[in-house]
Amino acid sequence: MAWDWQFFCNSTITTEATASCFGKGGDITYLQWMLSAWGWTVSVAALALVIALLSGVAIGVLRTLASRWKLVAMMWVELFRNIPLLVQVFIWYHVVPAFIPALQALSSFLLASIALGLFTSARIAEQVRSGIQALPRGQSQAASALGLSLVQSYRYVILPQSLRIILPALTSEVMNVVKNSSVAFAVSVTELTLFAMQAQEETARGMEIYLAVTMLYVITALTLNRIMAWIESMTQLPGVIGVKA
Amino acid sequence: MTFDFTFFSGSLLQTYVLHGFLFSLQLTVLATCGGIVLGTVLALMRLSQRALFHWPATVYVNGMRSIPLVMVLLWFFLLMPFLLGRSIGAEVSAVITFIAFEAAFFCEIIRSGIQSIPKGQTSAAIALGLSQQQTLRWIVLPQALRNMTPILLTQVIILFQDTSLVYAIGAYDMLKGFEIAGKNSGRPVEAYLAAALIYFLICFSLSQLVRHLQQRTSFTK
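Protein chains in written order, with numbering that gives the first Met the number 0: chain A, 0 to 244; chain B, 0 to 220.
Simulated from the structure, these hints should not be mistaken for lab results. Worth double-checking, as some hints may not be accurate.
[Claimed, not checked] Anything over 10 Å on all C-beta distances counts as not near chain A; from chain B, calculated:
1) G9
2) S10
3) L21
4) L51
5) S65
6) Q142
7) T162
8) S163
9) L212
[Stated by the list, open to error] Covered stretches of chain B, as calculated for chain A (at least 3 residues, CB under 8 Å):
10) 66-79
11) 201-210
[Said to hold, decoys possible] Among the chain B residues that face chain A by a calculated CB cut under 7 Å, a handful are:
12) V155
13) I157
14) Q160
15) I168
16) Y191
Note that beta-carbon positions come from the ideal geometry of N, C-alpha and C, so glycine has one too.
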């Protein structure tokens with residue numbers, strides 16, 4: 000079989016070639032469709048990441064406290080960790096809006112992002128917990144000896160150190176979010192994977208489409224990897240574990 | 000909104016869900032066995048000094064790990080008919096994909112397990128006159144295997160969860176079984192909840208088992 004990349008400039012409506020590779024008005028080419036799908040992939044991943052980081056850090060902190068919140072946090076982690084992501088996406092899309100009518104107005108993009116965010120939050124919570132527990136006891140003891148309240152000791156002593164410790168683990172979690180965002184295809188979010196499936200069916204140029212989509216996934220993950228490495232080097236503190244000489 | 004789980008009769012479960020559940024189970028077992036065998040080969044290749052072994056394995060493992068599983072499933076489903084010259088079903092394609100994909104993850108677990116063995120162990124084995132193969136077989140692998148058992152089992156739980164992604168190529172697994180059962184009886188909400196519950200029960204009990212095992216093996220160290 001021969002390669003044919005020309006179809007990327009074809010209109011998705013008439014399937015005929017366009018002059019500039021960019022359609023006019025409501026008419027878009029496969030290239031435009033793919034770029035917009037890339038945008039959806041990045042959007043789902045970004046929103047999910049924000050949800051995952053916020054709730055993951057909160058749950059991870061709760062798990063290290065000696066209170067009954069610890070139990071709630073433990074149940075949170077077990078619940079979101081032990082159900083497959085695809086099933087969780089279906090639950091958020093088909094089941095939760097049936098309970099809470101207010102959520103019926105939300106788009107599948109938002110529901111899929113919430114599902115992915117909470118799924119990831121369980122994993123981030125576990126990393127935050129292990130990061131906090133990796134600190135020597137003396138740190139929190141010294142903080143309370145200095146008269147810091149519990150909130151202050153977490154804010155100024157414990158979290159700044161433990162978040163730095165878990166940065167490498169967070170990096171791979173961030174890349175996982177990009178990969179896992181592909182599951183949003185199942186609730187018709189027009190992201191890269193859904194584009195790949197639909198465009199493959201319409202044009203029968205599976206190889207070219209899958210190659211392009213795979214490259215976009217790899218580029219996205221690599222870019223995030225570099226950004227995380229940059230954050231890691233920017234936040235390094237002299238004299239603290241894990242600093243390269 | 001009221002729930003009605005009564006539609007889940009024994010015969011409904013048997014017609015739609017059981018068949019899918021057995022495939023999910025079969026896929027997990029085949030992918031674990033195949034993945035560990037292929038993963039061990041890849042790990043040994045990655046640890047090899049020879050560039051001829053080292054580089055292909057490294058490229059393969061890093062490549063697989065940077066692509067979403069759904070895309071890998073689609074790729075194999077597209078390419079298999081070209082490579083084999085005839086079309087194969089979604090189920091067979093899923094098994095092959097999972098073995099190839101999971102091998103990359105098992106490879107990394109096994110590699111770090113082997114690297115966790117202190118150098119003194121291999122030095123002592125060589126000093127005792129064991130060959131390189133004997134050292135691997137009798138000294139390194141038995142200890143490495145014990146160290147990595149909990150992580151390997153955790154990966155198997157993740158693998159079992161991932162089997163639900165065969166949805167993308169339309170293979171008939173447990174999730175699909177519940178979905179069709181829900182559609183045919185007009186109760187999709189309950190069907191998805193039941194699927195989530197079953198997955199949760201299986202994965203939660205397995206992870207408790209791993210935790211128990213972890214405490215027992217860490218005691219012997």
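Which hints, by number, does the structure contradict? Violated hints: 5, 7, 8, 12, 13 and 15; rest satisfied.
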